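Number of protein chains: 4
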Amino acid sequence: MIEIISGTNRPGAVSAMVAQWYQALLQQKGVESQILDLIELPEDFTVSALYDSSGTNKGFNALAERLRHASKMVYIVPEYNNSFPGVLKAFIDGMDYPSPFKGKKCALVGVSSGVQGGGMAMSHLTDVFNYLGMHVLAQKPRLAQIEKNMANGQLTNTLYKQLLEEQVEAFVRF
Amino acid sequence: MIEIISGTNRPGAVSAMVAQWYQALLQQKGVESQILDLIELPEDFTVSALYDSSGTNKGFNALAERLRHASKMVYIVPEYNNSFPGVLKAFIDGMDYPSPFKGKKCALVGVSSGVQGGGMAMSHLTDVFNYLGMHVLAQKPRLAQIEKNMANGQLTNTLYKQLLEEQVEAFVRF
Amino acid sequence: MIEIISGTNRPGAVSAMVAQWYQALLQQKGVESQILDLIELPEDFTVSALYDSSGTNKGFNALAERLRHASKMVYIVPEYNNSFPGVLKAFIDGMDYPSPFKGKKCALVGVSSGVQGGGMAMSHLTDVFNYLGMHVLAQKPRLAQIEKNMANGQLTNTLYKQLLEEQVEAFVRF
Amino acid sequence: MIEIISGTNRPGAVSAMVAQWYQALLQQKGVESQILDLIELPEDFTVSALYDSSGTNKGFNALAERLRHASKMVYIVPEYNNSFPGVLKAFIDGMDYPSPFKGKKCALVGVSSGVQGGGMAMSHLTDVFNYLGMHVLAQKPRLAQIEKNMANGQLTNTLYKQLLEEQVEAFVRF
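Residue numbers (my numbering), protein chains in the order written: chain X, 1 to 174; chain Z, 1 to 174; chain Y, 1 to 174; chain R, 1 to 174.
Read the hints as simulated data drawn from the structure, not as lab findings.
Where chains are identical, the list cannot tell them apart; a pair therefore holds if satisfied intra-copy or between any two copies.
Taking lysine-lysine pairs in the DSS-like style, the calculated list, with each CA pair at most 27 Å apart, reads:
1. Lys102 / Lys161
2. Lys72 / Lys105
3. Lys72 / Lys104
4. Lys58 / Lys102
Computed from a prediction, not measured in an experiment: that's the story for all the values here.
My request is simple: use the sequences and hints to build the entire structure.
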């Protein structure tokens with residue numbers, strides 16, 4: 001089971017939509033997946049699920065458990081202030097033992113309203129995941145100016161579609 | 001007024017102690033400062049102070065206001081999973097307009113239990129702050145294996161003391 | 001005297017042209033500058049000017065000397081393979097003591113044929129220069145798809161012009 | 001055939017020694033490898049093998065050809081000025097088509113005289129290789145203070161030995 005993480009708790013985030021596109025692409029390859037939307041994080045998780053409280057928040061634990069059972073992970077990473085969302089990193093910081101990342105493989109997709117497409121965000125996240133022992137797929141599509149490249153909830157940019165399909169292709173074999 | 005940010009909401013964090021050392025060093029130079037400890041963040045700030053709720057959380061606004069009034073900032077940055085704490089980034093992500101960072105100058109101090117001293121965390125944070133228009137002092141001391149280099153709440157490592165003093169010296173002139 | 005470094009030894013590089021635009025912008029502010037083009041590097045400098053041969057190559061020394069006498073530096077950084085040119089880094093690696101960077105201030109301009117504009121290249125270079133004790137201006141314009149945004153050797157993109165002018169403005173005060 | 005690249009052209013570099021240790025470790029696993037030492041680079045390669053001269057230097061081509069035939073690669077990366085050596089990057093910049101990296105897998109080993117162990121250098125290199133389509137193994141051992149941890153050309157630090165063995169183990173399965 002591949003877990004697709006929508007990397008923000010922002011209500012109505014484009015990342016959640018990208019996660020659905022990604023799920024459809026995986027489905028076309030016959031690969032099962034489910035979406036973990038960070039909007040499901042408990043409101044007070046930065047206090048109730050981190051540090052000495054690590055492992056004690058049931059709502060948080062349920063999400064962590066899903067990562068633990070994932071065979072592979074896909075992270076949809078919106079660009080916030082030239083890096084990944086703080087909330088995504090706090091989610092990672094809250095992980096208890098055993099690590100849900102060690103020895104696993106993941107793919108990253110960058111999303112931004114601006115022209116960068118989350119390249120730096122994905123570089124930072126690669127530093128984090130590699131440190132935690134998770135391999136990161138080389139292909140990291142950057143979906144820049146995302147709002148201009150979608151309509152009615154669908155991706156309209158042909159190059160972006162192709163990049164995602166190539167990533168899925170490579171990720172299945174990774 | 002220099003604002004010293006203790007970059008985590010972890011109860012009993014070493015970073016809060018480092019912030020106090022830093023304040024003392026600034027005081028020796030006759031420079032006024034105050035400490036902004038991220039433990040003061042509202043428990044639910046990742047929901048109540050971000051995105052569409054940006055600017056509506058009074059507790060969060062009070063902290064943001066202090067950054068806005070700061071002439072310069074010092075960030076004590078504990079290393080979490082080879083980057084900065086997610087909570088610190090979420091705090092930055094919650095900043096409303098006008099930006100408290102643009103055109104300002106800051107200094108970074110890395111802290112870790114392990115051997116790295118937060119070098120990568122400070123590199124990532126430099127990417128964020130530069131993007132937001134805040135200049136970062138070149139000197140970024142890495143206080144690695146911090147627990148082994150302090151006793152009774154005081155820094156015992158002479159090299160670390162010297163690095164912090166040199167940073168303060170450079171920061172005052174920056 | 002501000003030294004503007006064209007960060008590649010590629011013959012006919014766009015970076016050399018950008019260096020000239022930059023010099024003109026500085027001149028408009030009444031600031032004197034000169035251009036150090038890495039095409040002037042001795043052909044065998046990676047052997048004859050590095051390591052044990054450090055300081056023994058006259059051609060290389062002349063360039064290093066210019067950095068040493070610079071009050072500030074501007075680096076025009078073309079994006080090669082998602083980082084700075086290896087030649088630029090080898091030039092930096094060849095610097096002998098005293099360091100021409102320590103305590104100095106610099107500005108970075110990214111240039112690319114592709115859509116990224118050298119953002120990652122400038123991030124990497126910031127890590128290098130901060131380590132060497134040189135402060136980096138927060139503003140780092142990314143001149144992406146440069147060939148499409150110039151004509152007859154002149155910059156035609158109005159936004160890019162504005163970004164460069166704002167950088168010059170900030171750099172003079174930095 | 002695994003190609004082990006000693007990532008500097010410095011005469012007598014420790015990296016060349018580390019490359020030999022690595023080859024011995026691979027041999028113990030029954031894996032064939034050969035060492036590509038960047039000291040073999042033509043002295044003037046930054047002029048004669050890059051840009052318009054790309055593909056025309058026979059000495060350089062022979063090295064590039066070895067990368068092309070490699071099934072996997074191991075990079076021994078000495079830390080120079082908080083990044084990878086410029087010479088290593090210039091070697092990469094000189095690669096002609098077809099790319100020797102695309103779709104391949106590699107492992108990185110950091111080496112430094114100082115306390116950092118090349119962590120930042122390997123992060124930068126990961127950005128480069130991922131961009132070029134080469135997957136990077138998550139485990140990236142940092143051999144800090146290398147001179148203090150070797151004697152008579154042999155590695156004496158038990159932790160370092162273990163980290164290298166674990167990396168080899170993971171790399172063979174990667």
